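Produce the complete structure using the sequences and hints provided.
Chains as they are written, first to last, in our numbering: chain W, 30 to 378; chain R, 685 to 1142.
It should be emphasised that the hints constitute simulated quantities derived from the structure, not laboratory data.
What you are looking at is a predicted structure, and each value in this text was computed from that prediction instead of being measured.
Hints are supplied without guarantee of correctness; some may be wrong.
Restricting the straight-line Cα-Cα distance to at most 20 Å, the calculated cross-link-like pairs of lysine to aspartate or glutamate (EDC-like) are [as the list claims (entries may be wrong)]:
no.	chain 1	residue 1	chain 2	residue 2
1	R	Lys1117	W	Asp324
2	R	Lys1117	W	Glu301
3	R	Lys1117	W	Glu239
4	R	Lys1109	W	Glu290
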Amino acid sequence: MKKVLTLGALLALAVPAYAGEVYRWIDGSTVVYSDQPPQDSLITAMPGPEPAAVVIADDATPAGPTATTPTPSIPTRASAAELRAPTKPATVAEILSLSGVRAQLSSVAGGLAAEYLPRPGQLDARDGARIERIVGQHFAADRLYAVIRQEFGSNVDREQLDAMAAWFRSPLGRRITALEVAAAKPEAAAEFVAFAANLKKSPAAAARLELVQRLDWVTGTSDDTTALALAVAGSVARATAASAPAERRPRAGLVERRIEEMRGQMTTAIGETVLTQMLYVYSPLTDAELKAYVDFLASPHGRAYSRTSHAGLLRAVRESADRTAIEIARAVPQGWAAATQKAPGPPGR
Amino acid sequence: MRRRVTVAIAVILVALSASTSLAQRPAALGDSPAALVERSRAAYAQGRYQDALETARRAVDAAPRSVPAQLARGGMAEFMGEFDEASQAYAQAQALAPADNATRYRVARFATRVGDYDRALRELDAILATQPKAAQLFFRWAPASMQKPLLKASPALEQFVQLQIDIMMEKGDLTGARRLARQHAIVESGHDYCAEANAKTGRKGSSEDVFKAFRLAALGQPDSADCIWWYGQWLTDEGYMRLGRLMVEEGTRVTSSPANKESGNRFVRIRLGGARPVSKRAESLFMIAKQRYLRDGDAEGAARLFDESLRLSPTFARPYSYKARLALDDGDREAAIRWLQRGVEADADSWRTWHNLGRLLLAADRWEDAERALARTIELFPDDVGGRLALARVLYARGNWDGYRSQTEHALGFARGMRGNDVTKASADFLSKFQRWGPGGALPPTPDPRVILGWNQD
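Here you go:
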């Protein structure tokens, strides 16, 4: 399950998610959505999606991992009008908030941190607490958020932000992110397993399979998920190697080569899992709706969104992963790497 | 007469196998010179080569006038690429026992390894000269039909002859080597060695088998240009720069096809140092250094030998690639890149060094530099599948879609013709998706498959 969280973390970002408490209030004549409550405004109940002009609150601290389970009414397709509706220039904070990236970072961070925790009973309570403290420090949501936000700030211009916002604000965009969030919640795991089992008996229709393959293609999700998994696995390998006695310490480049060799072993399994997960997440959508989403992600702005969010997350995780592993290896030199070993096999539920 | 000659030859065999029989004795206890020599041999047999050398040194320290100790030290030093030490030990052994054939034989082998072919042949002649006249005459002039069963029954004698042939081949006296091979029935007329060698390649025979088969073709079929050429290319992959070059040049000389002549000349230029042949000693040091690193994990010893190899042949490109690998394995990619840049400065036509440089720059996401290096790579060797796929990735990363498609199609077409689709399946799948859906979110894979004999490794 821990590996699933690693996988799910990137998947959630690869396909924009919407999560966390969502607040809505009226500010003058405008309806405002935010993951933070407003100051001195009237809070309304969270409605079903509607094509309303919105503005988003400025940047604030990330929300917690809990999310409301959406029950949106489903528009049949995204109209062209829906895709160009911003009333105010979009900001990075807005995109990260609307897409659910920000709201999900706590659970993403928690899932990644879990990769470093020993299996129950493998280490004593004091060492376990040390490790938890270290991973909690490095895999804090605000750290990840800062790196991703910086990535957007450096690489995405205003026009791209506006175009991204147009999609995320649209009813179909909202509905899809809601589906992604729902699928990423722990309680969806059993449903996914059942779905995957059923898929073996009743394979997906060719048209649907083509759509999710294209979705994976345009976003690079499988590839980046593999990179994310390697970042975590590699950090443990590097730290373990570095903490070995000098006479048994492998050379740094050889460790990197071994890590790279893992890529080949992971790629196929991760690719298959990603496709199955995509089939599951978007199963409520019609082919036309999914195609609209894929078309957005295949557009220059959609590509910029995927590329930037993936790059930001990867950078953040790589930095945090290496620091985490090194500190743990120093703090708990004996037995940690072995205590984190999982049963061999590809990542998956 | 026949019986007396056979007995005489047996004397040679005893001399040649003296060191072997010594090795088969049970190890003595204690630190006597003999025990140390035994221990050194045991360490060697167990793959503890540095230990074997050090033990042999101790044997010499304990008994400087012991020929077995000096030979053990010489043998281990030679094996480890410590050629000055080996040379000194062999010289002392020879001074102690000037008429000892086992010592002469070891000296001949060492002289071959460092490119002193005339000395090697002189030592072998000296061994023969110690035999009764009848034996010498028989060995030199008996008809092949009589030689063949003798060699078959006497592995040491065959080894002796094979060494003579190898020395002559490496010296460049292919005619003499062929004559000797025919004279001792190593090769026979009417036998299609070339077809046998090709069959072994097709059946994926062991490297050793393929090597022996092509060698026989080169010796037994002077007109088999392709086989001689393949032999040269096989040797090139294995690191035998000098003999590889001689064979490729011979194949190129013999072939009647102008295209093959051009191809052969290019091979010598971009794989074998062109106008700057590598000295035999540098070649040997390089090959031993590789073993010390890849087999023994002895980075420090290997680095020293690579440096010495470069000192002897500064334009020898291969050690630069290995110095780069050492740096890379230390986790210092920038230093690795610098070594490869020095390599292409030393030999601007070294295709493999450009290939390695381009791929390393690619791994560092240095697109512009990588594109330049990889463009040069495939300019030198257009059939370089791994180089083209790496260039395709650079072009893709830089948004040059036509360039990506063109390079990938070229690489896939060539790989398909040579080895089938399996080696480049991931690249083909990626291209197929690109053609269906346009550019994707990930970069194309860059397999670097082994495709053609002679172009696979340094």
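Structure-based check of all given hints:
Only pairs whose Cα atoms come within 20 Å are accepted, and lysine 1117 (chain R) paired with aspartate 324 (chain W) is accepted, the gap being roughly 15 Å. The suggested pairing of lysine 1117 (chain R) with glutamate 301 (chain W) holds, with an alpha-carbon distance near 16 Å, which does not exceed 20 Å. A C-alpha spacing of about 11 Å is found between lysine 1117 (chain R) and glutamate 239 (chain W), which places the hinted pair at or below 20 Å, so the restraint holds. Pair hint lysine 1109 (chain R) plus glutamate 290 (chain W) holds up; C-alpha atoms about 18 Å apart against a cutoff of 20 Å.
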